Amino acid sequence: MPGSVCTKDIQKNINGSISTASSSPAIILTELQPLMANPDLPPECENSQEDKREVDTVQQRSSNVRACRTRFLKAISYFSGDMKVFGKWMEKQFFLLQLLDWVLRGAAQVMFVNNPLSGLIIFAGLILQNYWWALNGFVGTLFATISALVLQQNRGSIAAGLYGYNGILVGLLMAVFSNKGDWYWWILLPNIFMSMMCPIVSSAIASINSRWDLPVFTLPFNILVCLHMAATGHYNHYFPQVLIQPRSELANITWAEIDVAKLFMSVPVGVGQVYGCDNPWTGGIFIVSLFISSPITCAHAVLGSAVGMVSGLALAAPFGDIYFGLWGYNCVLACIAVGGMFYALTWQVHLLAITCAFFCAYLSSAIANIMSTFGLPSCTWPFCLSALTFLLLTTETKKIYKLPLAKVNYPEKNLAYFWKMKKQEKMEKAEKERKENKEQRKALDEAVILNEKEQLRLLELERSEGNKATSKESEAENDKTQFEDYTPEQQRTEEEHNNNDLTEVTRVN
Amino acid sequence: MPGSVCTKDIQKNINGSISTASSSPAIILTELQPLMANPDLPPECENSQEDKREVDTVQQRSSNVRACRTRFLKAISYFSGDMKVFGKWMEKQFFLLQLLDWVLRGAAQVMFVNNPLSGLIIFAGLILQNYWWALNGFVGTLFATISALVLQQNRGSIAAGLYGYNGILVGLLMAVFSNKGDWYWWILLPNIFMSMMCPIVSSAIASINSRWDLPVFTLPFNILVCLHMAATGHYNHYFPQVLIQPRSELANITWAEIDVAKLFMSVPVGVGQVYGCDNPWTGGIFIVSLFISSPITCAHAVLGSAVGMVSGLALAAPFGDIYFGLWGYNCVLACIAVGGMFYALTWQVHLLAITCAFFCAYLSSAIANIMSTFGLPSCTWPFCLSALTFLLLTTETKKIYKLPLAKVNYPEKNLAYFWKMKKQEKMEKAEKERKENKEQRKALDEAVILNEKEQLRLLELERSEGNKATSKESEAENDKTQFEDYTPEQQRTEEEHNNNDLTEVTRVN
Amino acid sequence: MPGSVCTKDIQKNINGSISTASSSPAIILTELQPLMANPDLPPECENSQEDKREVDTVQQRSSNVRACRTRFLKAISYFSGDMKVFGKWMEKQFFLLQLLDWVLRGAAQVMFVNNPLSGLIIFAGLILQNYWWALNGFVGTLFATISALVLQQNRGSIAAGLYGYNGILVGLLMAVFSNKGDWYWWILLPNIFMSMMCPIVSSAIASINSRWDLPVFTLPFNILVCLHMAATGHYNHYFPQVLIQPRSELANITWAEIDVAKLFMSVPVGVGQVYGCDNPWTGGIFIVSLFISSPITCAHAVLGSAVGMVSGLALAAPFGDIYFGLWGYNCVLACIAVGGMFYALTWQVHLLAITCAFFCAYLSSAIANIMSTFGLPSCTWPFCLSALTFLLLTTETKKIYKLPLAKVNYPEKNLAYFWKMKKQEKMEKAEKERKENKEQRKALDEAVILNEKEQLRLLELERSEGNKATSKESEAENDKTQFEDYTPEQQRTEEEHNNNDLTEVTRVN
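Protein chains in written order, with our numbering: chain A, 1007 to 1515; chain U, 1007 to 1515; chain E, 1007 to 1515.
Simulated from the structure, these hints should not be mistaken for lab results.
Mixed in with the good hints, there may be bad ones.
Identical copies go unnamed one by one, so any copy, or any two together, can satisfy a pair.
In silico DSBU-like cross-links for lysine-lysine, where the CA-CA straight-line distance does not exceed 30 Å [to be verified]:
#, residue 1, residue 2
1, Lys1098, Lys1426
2, Lys1404, Lys1438
3, Lys1094, Lys1404
4, Lys1090, Lys1444
5, Lys1405, Lys1448
6, Lys1186, Lys1432
7, Lys1405, Lys1098
8, Lys1426, Lys1186
9, Lys1413, Lys1432
10, Lys1429, Lys1186
11, Lys1448, Lys1419
12, Lys1098, Lys1435
13, Lys1268, Lys1413
14, Lys1098, Lys1441
15, Lys1098, Lys1404
16, Lys1268, Lys1404
17, Lys1419, Lys1429
18, Lys1419, Lys1459
A quick note: this is a predicted structure, and the numbers were derived from the prediction, not measured.
Assemble the whole structure, with the sequences as input and the hints as a guide.
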């Protein structure tokens, strides 16, 4: 039966088209697995079946290169990004080892990096800065994570280090701002208490922020460190804090005295100040740890620090503050958060991130001045407030796309998700257009067929009517009117028929 | 046929009642078009067709008067209220002209007035006060509007000036509080930056406030000006701010020294201080600009300023502050916002507005004292906080009706909307009651009919039993009941018919 | 018919199980009526019908004891808990008497106690402390309640005193912090104004907090008293406030000088400081008033005060502050709120309450230091913020159960509600398991039947094939299987029947 064969062929074709259609999500899935997958790779893979027929030596060589590249990317994906494979392997390990993984991820999550290797490097940087601070940071992260476990918080969040990063900051900064100097062991007591309060405050703020699909950022850290410092203050017997006082006279700013080397150094120092470290090498190590996980994050961190430095100069800040990185660290975080982390990175979002960094610099100066009245440091309040403001922004442009909080990963993955979404939308649109075109063509074809049928019928009528020798003119006229009369009627019904078919088709689709 | 005549009469009556019933929505519609249409006008117009038959010279004269009045009201509507016609005409104009319209509306939106003419008068008042301030205000409004366009905010909101009013305040107040005096051109740089931040902060706050259907008020202005002032402070090389210090001794208040003229002058000065102007003539010009757009707004502005002045006296404020209008401007805004702008104006709401003004005066003193610790002015924080508090109020009375944010216009239009709603409710209630009454009557009628039918049957039985001995009395009675029996039946169907007509009419309306 | 008898027996059994199953909700209902019903009482009552048959003198005596106890508990329930019966009786009384009831309940609601007797005792304690303060407190409660009535707030809430407790605190604390001393009658003016603002601020905050199902706590009081104090300040002619200044030197803490008696006294003083009273006897009276209404509340109040005292010692607070109860009162409220009032009391929640008290102590020190910069006291801000934080906490454990706000009563009733819920859940779970087991058994039985039917068919086939040569053994086997076949079938239908009955019963329950 030829008919059945034909049907089979169609089926085959359809299957072909299905396979190509269905292949694209698969492509995207594979795109997502390696960290920095270059998006022009998979389309080539797709057409590989057709290409096979025209195999030549040139292609074979290029395919070897490609294979090497893929293997290289895969190797990179093992220790960059969020180290998913490692995380899954960890799930089957000994509990203390898991806890260490969570603590390391927590240390890196301060910079929105979910990567234990980055965390390890960050701890190395901290040790380079100050043993005692590093110890306090570790204790803070550890007890914050343990407290989250005790309070039965979400396991996935704990494993991603999302309950640890406030702990490390609390631990570090309580040590940094203590007026008793290093190795004052009593400080560990409030350190542990405050670290264990982190998950409670985090959970409470998340309850509020989740209504607007906003993250908690470092708000728990800000609240708890300010709480500790305000509760004890500079004049305290047990836990005195460093004395912070509001500015009460004009700072001495002589442009001739500016030290350009120190000014450039302030960029890595600004990154280091995220963890309260003023050693430029420590800052450099932190930049490396960011690069390992996500180059986009790293670039925005450096950019943010530079923006902060420029803002400091523009607002007549004392050079000492700028060199010390105080103008940078909030901008670093704000620039990372807006530039690719919670928004999908486009040029518009990149500009928005720079604007946010400038706004954050302004805000950090304002908040530092206000909080100095209470003898408090500005912590990362400026970053939290500016980033939250920019995340609450709503526009009517599609170029500024805020990712749903549940879909947030590292910038590269976010970008892949955004592109996938855009491709799907485009494909759906193209599919729709193609169908519409097809339908139009079909309608046209049918109209043509109808015309031809009409003509056929007319000829038949002529033959049957002009059978007995009637006057040709009158009859011709008659026929013409009849023809005119009949045509639209018939057309209409047939069109209706087509219409019904169409609606059925669309319903099926 | 008397029956048909009767029916016609009823129909006529019904039509009459329908026309009056249906006319009320029409009245409101016409009411809405001119600004201060007096609601007793249209009903007279409506019956003009019937009146024509009884034309006399008296009426003709009155109709002339009426026509004049209508024309006058229409003329007023062209430049009062929100100048809708002008706004629509503007849509077809050159872009720069449109932008000017938006800027002018933005200037007036500080007082909740969406009217370019008011904006123009306000700019005139500002120029009268200080050229430099007026320039800064204009730059601020312009760049805030441009920034909103760049960020693709809602076009309708931009056209209503809702992205400009924070800009004008930011521009003005940054110039007012600058310690470098007038014509210090560098101030334009932070001015432009902060103005362009306005739409971002507005959008962010709107995201939060919209959850409670609250407006953003002047919160972005408050945040951004405080941000600029706190970031730079009094001790800054480039952008120093005026020195504001907390009170540290008893103010000298001698009631004998009070200057009553200055006290009365403080009312327009208070209105002027909304834009940071201490010139009473400027304040007077602002009052005029308010009156043009909405007399209710104007009345509440003056009332609010007076309440602020009285509160200042009651709380032992230094006379200088009261004369300077510092006690008035927040109360002006709070009184306008609650008194007719976001609530429909009733006597209860009017009292609430006065309470809010008192509360706002208290709050402005408290906030001024607190913010002076940081060297900051109180801006319009007191207004924002008090108005938001009063808008969050929920009661079980219908007399205090908060308009949905999307329906908020100027107080007169809000009132018309509220009355329309109330009338509709009443009508629906009356309609419902009438129907219920009818149904009850119907039920009663049917009960009567049933009774009578029973009696008829009994009579028939009697007749059939005593067939030959009929008494005249019983027959007469029987006829009577038959007649009575028929009438209500007929009435009912006719009523039903009318009923249907009525419901159809109301549906159409 | 033996079958029917059998069915009846089963029915009987089912009814038996029904009665025990249905009795548990009834138990809980009776449990709820008396305040401190001991839950082991009702199960004994339940079996009273069966027990009656085996009546003996021992039991009669014990039943007498039980009756006495029940009567005693009922008598207690009349004046403990929320005095529901009294409240209902009040509804039919004279308006002024009702108002007095609401005012008394309002006075007690500061401690989350909805009991007019406690309120009366609290007023007694206040009078013991200071006549003038007590008067101010009464005026505050009265006008706050009246204002709520005028603003047409929810009647149930007014009757529960929920609009009065902020008023009493406003009235009391405005008198306490006034620098003009006692019997300065002008203070009543701002007192009345601020009290009447209470319901407005309460309603506004409730609009926000209700989104997270949170209570308003004493936020309106905090806002309004801080508002009044900041608005007037220490340097005011009419309403000067006591001078509060930030600490600017090390406090003198010599452990040798510690007075242990005063330290222990600080526990009741801390409870008294909730109402601003430093008299330990007043604090003791307050503790008694709490015990009357709810022993759990009372225990947590004392515990909270002790935690606060310990925290003060741990954070090197001046002994004077600790003796004065300043470290206790916030912890008292926080401990009550978390420990059984808004969470159902379990061991985990008890530990959470103690953690919250520690956190609150820390917070109260921090807030006191910060607010002293503005010359303001810390009021109960620390309690509000810490309790709100702990109420926003979300965990994945069922042991920490936050009651829906509408179901919150006194801790004992909350606990009964929680137990009831848990029992219902358990019952439902058990029921579900039983059904699943039954279904599994049914499925098994059916599988057996099917197997046997198969065998039968095979045998029949054998028979029809070898029709004439039948062996006795095979027939015997056949009969046996038939018998076995029938039994489970019948069983199944009966089980199904029972099943249906059961589900009907549970539906009814």
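For each hint, the structure was consulted:
Taking identical chains as interchangeable, the C-alpha atoms of Lys1098 and Lys1426 are never at most 30 Å apart, the minima being 32 Å within one chain and 40 Å between chains. Taking identical chains as interchangeable, the C-alpha atoms of Lys1404 and Lys1438 lie at most 30 Å apart only when both belong to the same chain, with a minimum of 20 Å there against 49 Å between chains. Proximity of Lys1094 to Lys1404 under the C-alpha cut-off of 30 Å is restricted to the inter-copy arrangement: shortest distance 28 Å between copies versus 35 Å within a copy. In this assembly of identical chains, Lys1090 and Lys1444 lie within 30 Å of each other by CA distance neither inside one copy nor across copies; the values are 45 Å within and 45 Å between.
Taking the closest pair of Cα atoms, Lys1405 and Lys1448 never come within 30 Å of each other, the shortest separation being 37 Å inside a single copy and 61 Å across copies. Taking the closest pair of Cα atoms, Lys1186 and Lys1432 never come within 30 Å of each other, the shortest separation being 62 Å inside a single copy and 55 Å across copies. When the C-alpha separation of Lys1405 and Lys1098 is checked against a cutoff of 30 Å, the pair qualifies only between copies, where the shortest distance is 28 Å, while the shortest distance within a copy is 41 Å. Taking the closest pair of Cα atoms, Lys1426 and Lys1186 never come within 30 Å of each other, the shortest separation being 54 Å inside a single copy and 54 Å across copies.
For the homomeric pair Lys1413 and Lys1432, the shortest alpha-carbon distance inside one copy (21 Å) is at most 30 Å, but the shortest distance between copies (37 Å) is not. Proximity of Lys1429 to Lys1186 under the C-alpha cut-off of 30 Å is found in neither arrangement, the shortest distances being 58 Å within a copy and 55 Å between copies. In this assembly of identical chains, Lys1448 and Lys1419 lie within 30 Å of each other by CA distance neither inside one copy nor across copies; the values are 43 Å within and 52 Å between. Taking identical chains as interchangeable, the C-alpha atoms of Lys1098 and Lys1435 are never at most 30 Å apart, the minima being 45 Å within one chain and 32 Å between chains.
For a Cα distance limit of 30 Å, the shortest separation of Lys1268 from Lys1413 qualifies neither inside one copy, at 40 Å, nor across copies, at 57 Å. Within a single copy, Lys1098 and Lys1441 get their C-alpha atoms no closer than 50 Å, and across copies no closer than 37 Å, so neither meets the 30 Å cut-off. When the C-alpha separation of Lys1098 and Lys1404 is checked against a cutoff of 30 Å, the pair qualifies only between copies, where the shortest distance is 27 Å, while the shortest distance within a copy is 42 Å. In this assembly of identical chains, Lys1268 and Lys1404 lie within 30 Å of each other by CA distance neither inside one copy nor across copies; the values are 41 Å within and 56 Å between.
Within a single copy, Lys1419 and Lys1429 get their C-alpha atoms as close as 15 Å, which meets the 30 Å cut-off; across copies the closest is 47 Å, which misses it. Within a single copy, Lys1419 and Lys1459 get their C-alpha atoms no closer than 58 Å, and across copies no closer than 61 Å, so neither meets the 30 Å cut-off.
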